[in-house]
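Protein chains in written order, with our numbering: chain Z, 1 to 160; chain F, 161 to 247.
Everything labelled a hint here was simulated from the structure, so no lab data went into it.
All of these numbers come straight from a predicted model, not from anything done at the bench.
Using N, Cα and C, we set each Cβ at its ideal position, and we do this for glycine too.
Honestly, I wouldn't trust all of these hints.
[Stated by the list, open to error] Derived CB-CB ranges, DEER-like:
hint: 1; chain 1: Z; residue 1: S6; chain 2: F; residue 2: Q172; range: 20 to 26 angstroms
hint: 2; chain 1: F; residue 1: N238; chain 2: Z; residue 2: E110; range: 42 to 48 angstroms
hint: 3; chain 1: Z; residue 1: G87; chain 2: F; residue 2: E191; range: 40 to 46 angstroms
hint: 4; chain 1: Z; residue 1: R25; chain 2: F; residue 2: M161; range: 31 to 37 angstroms
hint: 5; chain 1: F; residue 1: E213; chain 2: Z; residue 2: N128; range: 43 to 49 angstroms
hint: 6; chain 1: F; residue 1: R175; chain 2: Z; residue 2: A100; range: 28 to 34 angstroms
hint: 7; chain 1: F; residue 1: H212; chain 2: Z; residue 2: R12; range: 30 to 36 angstroms
hint: 8; chain 1: Z; residue 1: G87; chain 2: F; residue 2: S208; range: 41 to 47 angstroms
hint: 9; chain 1: Z; residue 1: S44; chain 2: F; residue 2: N190; range: 17 to 23 angstroms
hint: 10; chain 1: Z; residue 1: S91; chain 2: F; residue 2: D240; range: 30 to 36 angstroms
hint: 11; chain 1: F; residue 1: W211; chain 2: Z; residue 2: A100; range: 23 to 29 angstroms
hint: 12; chain 1: Z; residue 1: D70; chain 2: F; residue 2: R192; range: 21 to 27 angstroms
hint: 13; chain 1: Z; residue 1: P117; chain 2: F; residue 2: E216; range: 47 to 53 angstroms
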Amino acid sequence: MSKKDSECPECRRVGTAVLGAHTLRVNVGEKVVNAHWLRFLKCSQCGYYQLSAQEAQLLQLRAALAVLRDCPEPSGAVLRFARKALGLRQSDVKQLLDYAAETVSRIENEGVRAPAPYAPALAGLLANEIVSVMGGDPEATVEHRSVDPEEETQRISCTG
Amino acid sequence: MTAGAVLKRVRQAARTRQYYVSNHAWDRMNERGVTLRDVQSAMASATSAAWHETEETWRVNGGTDLEGDPLVLCVVVNWDVLLVTIF
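Could you build the full structure based on these sequences and the hints that come with them?
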């Protein structure tokens, strides 16, 4: 659905697309983030929508950042999601943040408490990545260009 | 379109990050904790594609997520690549 009057690919109805800031759910580990800032077309009849890869990636990055900033002691599942949203393998963390893959694995899978600087370091990488993704194609980022990512994450509500 | 051409388009979409994600795929990704970077990893590492007549989609096989676990993708390839769902 690229235009308001186009046919819904799911239910085949025409003219049912509604442009708006529909709520999108993002699961970050056991946390649920409801994001409201993205404007996109959604079929009013069957609920179908599609996101560009860039929009979807921004949603995940911002949700992960919001949870890391809200939770003083994020769980292993949250930290795993944040790492994967950055496209990092456990072994990549050694190079970037100097934590061994085995340490990361224990934090994520065995409930071992993460060293104090680990979550803030991931949050820093997420913030940088958000700016990097937003700085891509200006046409594709028109929804976000004028918004500070710091401010933006505050508009994401987090539960769970 | 041939399976080889689909695979080429999917890999290219992963490289350029020019593809779309349907609401079904988004829901499945949420359920399984799959990130966009997992999907891109699976797209880039996929080894085969097979047409599914009943679903009218291509099933892209052989790819793995960031952890190296198998991630099968269901896509529609027209002007753009649309991720329909994941398995």
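Hints, verified against the model:
| no. | hint | in the structure |
| --- | --- | --- |
| 1 | S6/Z / Q172/F: 20 to 26 angstroms | 25 angstroms, holds |
| 2 | N238/F / E110/Z: 42 to 48 angstroms | 45 angstroms, holds |
| 3 | G87/Z / E191/F: 40 to 46 angstroms | 20 angstroms, violated |
| 4 | R25/Z / M161/F: 31 to 37 angstroms | 33 angstroms, holds |
| 5 | E213/F / N128/Z: 43 to 49 angstroms | 45 angstroms, holds |
| 6 | R175/F / A100/Z: 28 to 34 angstroms | 30 angstroms, holds |
| 7 | H212/F / R12/Z: 30 to 36 angstroms | 20 angstroms, violated |
| 8 | G87/Z / S208/F: 41 to 47 angstroms | 24 angstroms, violated |
| 9 | S44/Z / N190/F: 17 to 23 angstroms | 22 angstroms, holds |
| 10 | S91/Z / D240/F: 30 to 36 angstroms | 33 angstroms, holds |
| 11 | W211/F / A100/Z: 23 to 29 angstroms | 44 angstroms, violated |
| 12 | D70/Z / R192/F: 21 to 27 angstroms | 23 angstroms, holds |
| 13 | P117/Z / E216/F: 47 to 53 angstroms | 50 angstroms, holds |
When the structure is compared with the earlier hints, violations turn up for hints 3, 7, 8 and 11 and for no others.
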